[in-house]
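Respectively, the protein sequence lines represent chains W and X. Per the numbering used here, the first sequence starts with residue 1, numbered consecutively. Per the numbering used here, the second sequence starts with residue 1, numbered consecutively.
A hint or two may mislead.
[Claimed, not checked] Simulated pairs of lysine to aspartate or glutamate, DMTMM-like, Cα-Cα distance not exceeding 25 Å: (1) W:Lys120 - X:Glu84; (2) W:Lys122 - X:Asp8; (3) W:Lys183 - X:Glu84; (4) W:Lys183 - W:Asp165; (5) W:Lys183 - X:Glu47.
In case anyone wonders, no lab produced these hints; they're calculated from the structure.
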Amino acid sequence: MRFSVDGLRDGFVECLPVALGVAGYGVVFGVLARQAGLTTVEAALMSATVLAGAAQLIAIKLWETPIPVVAVLGTAFIVNLRYVLMGAALRPWFSQLSPLKAYGSVFFTADENWALTMGKLKSGSQQGAYLLGSGLAIWSFWVVATVIGAIAGSAIGEPANYGLDFILTAVFIAIAVGLWDGKSSLLPWMAAFAMAVVSAQYLPGRWYILLGGIAGSFVEVIRFGG
Amino acid sequence: MVGEFSLDPFVVAVIVGMGIVTYATKAGGLWLLSRIDVSNRIESGLEMLPGAIIIAILGPELTSGGPAEWGAATIVLVAMWRTENVLFALLSGVAAVLLFRNIV
Numbered sequence: 001m002r003f004s005v006d007g008l009r010d011g012f013v014e015c016l017p018v019a020l021g022v023a024g025y026g027v028v029f030g031v032l033a034r035q036a037g038l039t040t041v042e043a044a045l046m047s048a049t050v051l052a053g054a055a056q057l058i059a060i061k062l063w064e065t066p067i068p069v070v071a072v073l074g075t076a077f078i079v080n081l082r083y084v085l086m087g088a089a090l091r092p093w094f095s096q097l098s099p100l101k102a103y104g105s106v107f108f109t110a111d112e113n114w115a116l117t118m119g120k121l122k123s124g125s126q127q128g129a130y131l132l133g134s135g136l137a138i139w140s141f142w143v144v145a146t147v148i149g150a151i152a153g154s155a156i157g158e159p160a161n162y163g164l165d166f167i168l169t170a171v172f173i174a175i176a177v178g179l180w181d182g183k184s185s186l187l188p189w190m191a192a193f194a195m196a197v198v199s200a201q202y203l204p205g206r207w208y209i210l211l212g213g214i215a216g217s218f219v220e221v222i223r224f225g226g
Numbered sequence: 001m002v003g004e005f006s007l008d009p010f011v012v013a014v015i016v017g018m019g020i021v022t023y024a025t026k027a028g029g030l031w032l033l034s035r036i037d038v039s040n041r042i043e044s045g046l047e048m049l050p051g052a053i054i055i056a057i058l059g060p061e062l063t064s065g066g067p068a069e070w071g072a073a074t075i076v077l078v079a080m081w082r083t084e085n086v087l088f089a090l091l092s093g094v095a096a097v098l099l100f101r102n103i104v
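Isolated chain W, as found in the complex (with noise of 0.2 Å):
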């Protein structure tokens, strides 16, 4: 495995158009950020040491006076699970590099540029430094996406005169589009959403979230294979 400005550089400019269509989801991000008492600077920190759009969303989705921290942190973690699996997928890889190119490197994953850096390394690739090369466009176009959303987010007034009370709504419904895996995800989904309205019903707070999570995974643990 080599470790060069080249497989950098590579990676960033491939990286690119998948860039932009994150940074969408950034001015977002911002905005609704912004909307919920975050300053342009809060915000901007957010994207920048957490760099993971679900969790950050969601956290925006959770986020009151006072602060859910168990609530926050909680699903931040439970959302992320899946970059557990993604950083094992590397290890064959990334076990050739030192500790600090490697660890440094998996904190500019994100799930596009993981995807992108897969596809490198398993067509023989032995640019080491693909997945931070990419995660550098990632997340500079993250990051500076939420300061644009921040600062249009600022001159915004009462946000339900102009439909903006519905956006964080119509962007999870966006994200679950793109989760979308065909008819598999059918079922278990079935199970979040099921699991989710009555828990809210009979449960304070938001811990109807999680528990509908963890149905719906439950729901594929159980009938996987069959």
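With chain W's structure known, arrange chain X on it following the hints.
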């Protein structure tokens, strides 16, 4: 009034906490999975989590909404599905919800 550029120490702490939790999952696969074996069954369960959580968020949101929200949700769904363009889908949804709320 919170200034646009100020930082609240507690908010920063929560954000850093989110960063640590997220990095732990990203690095965890490199580190932990050299020590334990995850079956395909568990793997597919973990892969299902993000979608299931998103649906769990949407469930009560949509059932507690009205016809305007349901209609707009359908528009977002179709727009996203056909164009795969996030901003277009979101703007269509927002325009639709405004329109429907004024009609219904």
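Against the structure, the hints:
1. W:Lys120 - X:Glu84: Judged against 25 Å, a Cα distance of about 24 Å means the pair holds.
2. W:Lys122 - X:Asp8: Given that 25 Å is the threshold and the Cα spacing comes to 44 Å, the pair is violated.
3. W:Lys183 - X:Glu84: Answer holds: W:Lys183 to X:Glu84 is near 19 Å, not above 25 Å.
4. W:Lys183 - W:Asp165: It is violated: about 31 Å lies between the C-alpha atoms, which goes past 25 Å.
5. W:Lys183 - X:Glu47: holds (15 Å)
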